[in-house]
Amino acid sequence: MSDTPDPDQTPDPEATPEPEPTPSSDDASGSEATPSSEDVADASGPEPTIESGETSDAGDTAGASSSSDAPDKAGSEPPRLPSSLGPKLPLRTRLSQMVRSTAFLSALITLLTSFALLHAEAEIGYVRDEGVYFEASRRYAAWLARWREDGSEANTPEVRDRYFGFNNEHPALLKLAAGVSARMFAEPPSEAVERDIAALRGKRRRAWAREIAVVEGGRWPWLREGAAMRLPAILLAGLGAGLLFWAGRRLGDGLFGGLLAAGYFVLLPRVAFHASLHAFDVPIAVMTLILALAWLRALSDWRWGLAMGPLLGVAIAVKHNALFLGPLFALHLWMCLALRWLADGERPSLARIAPMPLWNMAIVGPLVALMLWPWMWDDTFARLGEYLAFHREHSYYNMEFWGQNYNRPPLPILYPFVMTVATVPGALLLLTGVGVFLTVRTMRSPRTLRHLGRFGDNRGWARAQRVGARPRQLEGSAQPRSRWIAPLPTFDGREEPLLYVELALFPLLLIALPSIPIFGGTKHWLTAYPFFALLAAMAWGRLWWRARTLLRAWPTLLRMAPAIVLVALLGPAAWSTIHGHPYNLSQYAPLAGGARGAAGSGLNRGFWGHSVVPLLDEDDSLEAREIYVHDVHRLAVEQYRREGRWPEGWRVVGVRSADAALLFPEMHMLSDEIAIWASFGTVQPSMLLTLDDVPVTIVYERPE
Amino acid sequence: MVKLIRPNGAVILLGLLCVLGLVELLAAFMEYRPNIDEDGWDELAAIVEQRGEDPVIVPTSWLSPAARMNLAQARSWDALAYPDLRSFASFWLLHHKLERPWRGSLRAELEGAPLPDLVEIHHVGRLTLERYEQSVGVERFDLLDRVEAVRTGRGPCRGGRGMWQCKDGRVSIRTLEIDYRPRRCLAVELDDGVVAEVELGEVELGDRIRGHVGFGDFNARLRADPSARVELLIDEVVAARWLFTDDQGWAAFALATEPGAHRVQLRASTSVGGTWQRDGHRTNPTDSLCIELRGFDEGGDG
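Protein sequence lines correspond, in order, to chains A and B.
Mapping the first sequence onto this note's numbering, position 26 (from 1) lands on 26, and the numbers just tick up by one.
To convert, take the position in the second sequence, counting from 1, and add 1000; that gives this note's numbering.
Rather than coming from a laboratory, the hints here were simulated on the basis of the structure.
All C-beta atoms, glycine included, are put in the ideal place defined by N, C-alpha and C.
Do not rely on the hints blindly, as some may be mistaken.
Stated by the list, open to error - Simulated DEER-style distance windows between Cβ atoms:
| # | chain 1 | residue 1 | chain 2 | residue 2 | range |
| --- | --- | --- | --- | --- | --- |
| 1 | A | 144 | B | 1040 | 52 to 58 Å |
| 2 | A | 157 | B | 1279 | 25 to 31 Å |
| 3 | B | 1122 | A | 557 | 36 to 42 Å |
| 4 | B | 1076 | A | 652 | 49 to 55 Å |
Stated by the list, open to error - To be clear about the criterion: a stretch of chain A counts as covered by chain B if any three or more of its residues have a C-beta under 8 Å from a C-beta of chain B, and this derived list gives those stretches:
| # | stretch |
| --- | --- |
| 5 | 419–428 |
| 6 | 670–681 |
As the list claims (entries may be wrong) - Here are some chain A residues pointing at chain B (derived, C-beta under 7 Å):
| # | residue |
| --- | --- |
| 7 | 199 |
| 8 | 600 |
| 9 | 685 |
Turn these sequences into a full structure, and let the hints steer you where they fit.
This is the structure:
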């Protein structure tokens, strides 16, 4: 580990001189028998030749983690030696390096997260929206299959609209992916589906139903149809965790920083719940993360700039939240330029104010989004207008907040902030707050954070300069000039945290606006949480970097402490999620008192009528009967039936003719409960599904 | 700011984070578990049973379904859809140990009356069962038990035993959601402006008549702005007239009366029913006017 001072690090007037920190906490905690790549790098002496490998690597995110600038970077991805410069490493060492590499660990976390979510999803009932999306997915995939068979005959407006007219208020991409996934991995539907089709009148109606129903099942029938349709969103959630580990490891100064970032996101109860659904909320959060990481690259690399348009198009095709991203990225760029102008008098040119990545997003993004949504291929402008109007004039949902039911705006401005505090463990939020604090610090002195790594310095110029590369190496690599295609070729340390703060705050501020329709719960600002996680990882890295200076006198403590603090930070979220499963839509943070404390404080207990799975599994507890299912969507019931999970004897009827009734308690649902009391002549439930005593489903049975 | 994260500052902050995380783990241990089991409910049932029919009022809304499932005394309309706490000389209160029930909406149910006397307290699991007593006036009559006939301007309404079909709608004794609470009342659901004339016949009055008016349910209230006019006739003379809007929730009214036998009639009407939507007025959903009325002999200034 070199102790070479950073030549690029100008002294901070507020900073007091400090001794150089000791190696990374993560490294300290994991004493390896085999020499690490860093050991090897050190063994090669102070010669900064290791830089050449990274200088040429446009994709290396550890761009600023030089051994001299950030001696604490030992836990992050080890720098690679050019093969011509280093000795041939033993296989064991190379395997060890590979296993510890960021790419490998990110992939592993992606897989583990996806498997965990897929394993647990069966216990989560189908929420109202999913019922609709399942049906839409079947129809959309049926069109794809028909297009494959019939070619252009299937691609007429009349034919397309027949398939895509259903649920046309949301883009089609994720539903298409789910439909394709079902045609690949879904088990054949139950025999009841065949019977239903056979009972239909008219040959054409039967043919249409059969085409949509996919009675033959998928090509590799490994999963329930619902699970197969949830798979694309689950994989995206896994990818989100992997990406967070990848970025968090760099920002958070090592393995634990990466684990913190990934765990912060996927271990939140609300995220874990929504990540398991065939819905758009976690997918759009992950797409926002992908776009943010790509945008940081696009500021200095034209190739990523070219990718921004298509990527944004894909994101818009997932959910309309992405429509805000272009303006947010533009705002981010302009803030960065303004800060430089203020600090250095570097007046931005027009080419930098309106660079290629922004134009690309503005032009290519919408085109790609339209291309991925066949409903929009005909009568485009009118349908686009309908789509935008639907969301602008979204009908108001009911939402309980502090004992009041809100069903017309404005919701209290505090609503998203209180709900975030109530559902995200406090220690994690505090760490995010430290991250925001550090970002504010970078406004005045951007170098405060530079040792934590910078994003987009893909030319390695600044890095090479910092580590004192030989003049020969710097020849021809003068500091790149800003251009229309790459408006910020080098970062000064504030670009990345500033973007994360912007993207963390925007969703909450948007929902807090008094004029915004009342949409519902925390799912509407899940897009903020990946950036909460990255800000926390950044703070984590910074705090340990500082703390190590003091703690190196106690090596045992230094070795153990990071793991202990990490467990203390992620433990409450993990406990909350595991305990709350499968009712994590009703789960609250420990300091909010969990579900019980939140219900006592008058916070929403859940919605969407999903908590029925135990009733389906224990069908002997409710005898075959006419059943009123309250908030369970009829298409969700249809999905249970398709999978053979809906008890044979259950027939869905209205409350007056039912002999059993379900009730999903929400403040505004009292009228429905009173209707059950009146019809059944009893107020005594026969069964309760609860989370820590708080009913999530109430079952009534008509007395004999 | 840099000073804030000098090494000792960073260690302190990390320590704080660790402590906060451990406190949250402890809180998770405390909160992420049920607070009462079957045996606990049996114990509560046994305690409540000793006092006969005293209603068990559950101000903790999430606890109410479990209480109704396990305690017979929590299932009566008295316990569930009471007009106010004035009705009970004694009652049970079941709530979570950490909850302060009299700080919340329950206090409003006293409508200015003094806090009842706490005479018993039991802790079962993390639930608390309290028994209260209070001095209340003698109840002389209750509208819900005394409706003899209902008529509108188009003639008498047919029916009885809690349901009267009129040419302009219906009048019934029902439980309705008023301001997100169940209330047992006379529900008047007639066309706009139609007056329901409710005949109570000869009634033994005390020195007070107390009542409440509200509108159900939330969906009808959402995009409507109805008002209600309620008149009380004693011996065919209008003794009082009140005007209410749907924003008043469960609005209370009172009238001093001359004790003794009197003929009592009630007239009630609403202004405009239905709801206002983007495309104009719709008749459905429509509000239900909910009226409750009782006579008391309170023996004082009231």
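Results for each hint:
Restraint check, residue 144 of chain A to residue 1040 of chain B: a C-beta distance of roughly 56 Å satisfies the suggested window 52 to 58 Å. Checking the proposed 25 to 31 Å range against residue 157 of chain A and residue 1279 of chain B shows it holds: the Cβ atoms sit about 29 Å from each other. Between residue 1122 of chain B and residue 557 of chain A, the C-beta spacing of about 49 Å breaks the proposed range 36 to 42 Å. Checking the proposed 49 to 55 Å range against residue 1076 of chain B and residue 652 of chain A shows it is violated: the Cβ atoms sit about 31 Å from each other.
A stretch counts as covered by a chain when three or more of its residues have a beta carbon under 8 Å from one of that chain; for the stretch 419–428 of chain A and chain B the count is 3, and the coverage holds. With a threshold of 8 Å between beta carbons, the proposed coverage of the stretch 670–681 of chain A by chain B holds, since 5 of its residues qualify and at least three are required. Look at residue 199 of chain A: its Cβ only gets to about 33 Å from chain B, farther than 7 Å, so that hint breaks. Checking residue 600 of chain A against chain B by beta carbon gives a least distance of about 6 Å; that is within 7 Å, so the hint holds.
Interface restraint check: residue 685 of chain A against chain B, minimum CB-CB distance 5 Å, threshold 7 Å, status holds.
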